[in-house]
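Trainee: Sequence:
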Amino acid sequence: MLKQIRQYIENLWLSILAISISMAVFGVIAVIAPDWTITAIIQILAVILLFFGCISFVQIFSNLKQERSVAGAVISTLIFIATGLTLLLSPGFSLDLVLTVIGVVVLLRGVIDIVVGLGVQKDEADKITWSLSGFLGIVAGILMITKPGLTSAVLMMILGVYALLTGVTGIFYATKVRNSIDKFSEAIDK
Numbered sequence: 006m007l008k009q010i011r012q013y014i015e016n017l018w019l020s021i022l023a024i025s026i027s028m029a030v031f032g033v034i035a036v037i038a039p040d041w042t043i044t045a046i047i048q049i050l051a052v053i054l055l056f057f058g059c060i061s062f063v064q065i066f067s068n069l070k071q072e073r074s075v076a077g078a079v080i081s082t083l084i085f086i087a088t089g090l091t092l093l094l095s096p097g098f099s100l101d102l103v104l105t106v107i108g109v110v111v112l113l114r115g116v117i118d119i120v121v122g123l124g125v126q127k128d129e130a131d132k133i134t135w136s137l138s139g140f141l142g143i144v145a146g147i148l149m150i151t152k153p154g155l156t157s158a159v160l161m162m163i164l165g166v167y168a169l170l171t172g173v174t175g176i177f178y179a180t181k182v183r184n185s186i187d188k189f190s191e192a193i194d195k
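Residue numbers for the sequence shown follow my numbering, so the first one is 6 and each next one is one higher.
Calculated from the structure, these hints are not laboratory results.
Just so you know, even glycine gets a beta-carbon here, dropped at the ideal spot from N, CA and C.
Careful, some of the hints might be misleading.
Stated by the list, open to error - Below are the EDC-like pairs computed for lysine to aspartate or glutamate, each with C-alpha atoms no more than 16 Å apart in a straight line:
| id | residue 1 | residue 2 |
| --- | --- | --- |
| 1 | Lys-181 | Glu-15 |
| 2 | Lys-152 | Asp-101 |
| 3 | Lys-188 | Glu-15 |
To be verified - Restraint ranges, calculated between C-beta atoms of paired labels, are given here:
| id | residue 1 | residue 2 | range |
| --- | --- | --- | --- |
| 4 | Leu-93 | Gln-126 | 38 to 48 Å |
| 5 | Val-63 | Glu-191 | 51 to 61 Å |
| 6 | Ile-176 | Ile-117 | 27 to 37 Å |
Full structure from sequences and hints, please.
Mentor: Pasting the structure below:
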């Protein structure tokens, strides 16, 4: 049992380290080349949506053989393929559209954070943290909705700094987990 726990923690450490390094690398690239990063993300998203569209297309025939309704599969196939092609063929328009959608999501998340901060949290520091996060989310959401072209590069740079800091923090955390593994191993071996 103890060896299984040690193996689990070792796998956890490697996962944290790999994800953290990936985040840090993404962060550096996003800060250095925000426009390229945005385009790459949109094109990767386009390929993923086209892939899901192809899978949905195959599911239509599977559902026909099993005499199931295909209406949902046809609709999702059309949405996936149309969205994927739009993102792939018109990244500028797609960027504004994606940022507007993200802006709406961030705005709504900001409202939810304020509600959680003021209504659910008991601790005063938690209330302030959640409310401040919500306020910043609302401001960021409004900026993304009203100025998507202007905010795209800035947003990517902010996301890059965030990813870099998160990655570096994760690397330090992975190191702490690794040290815990060593201490745990010593305790098992005794």
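Trainee: Give me the numbers of the hints this structure contradicts, sorted from smallest to largest.
Mentor: Hints that this structure does not satisfy do not exist here, as all of them hold.
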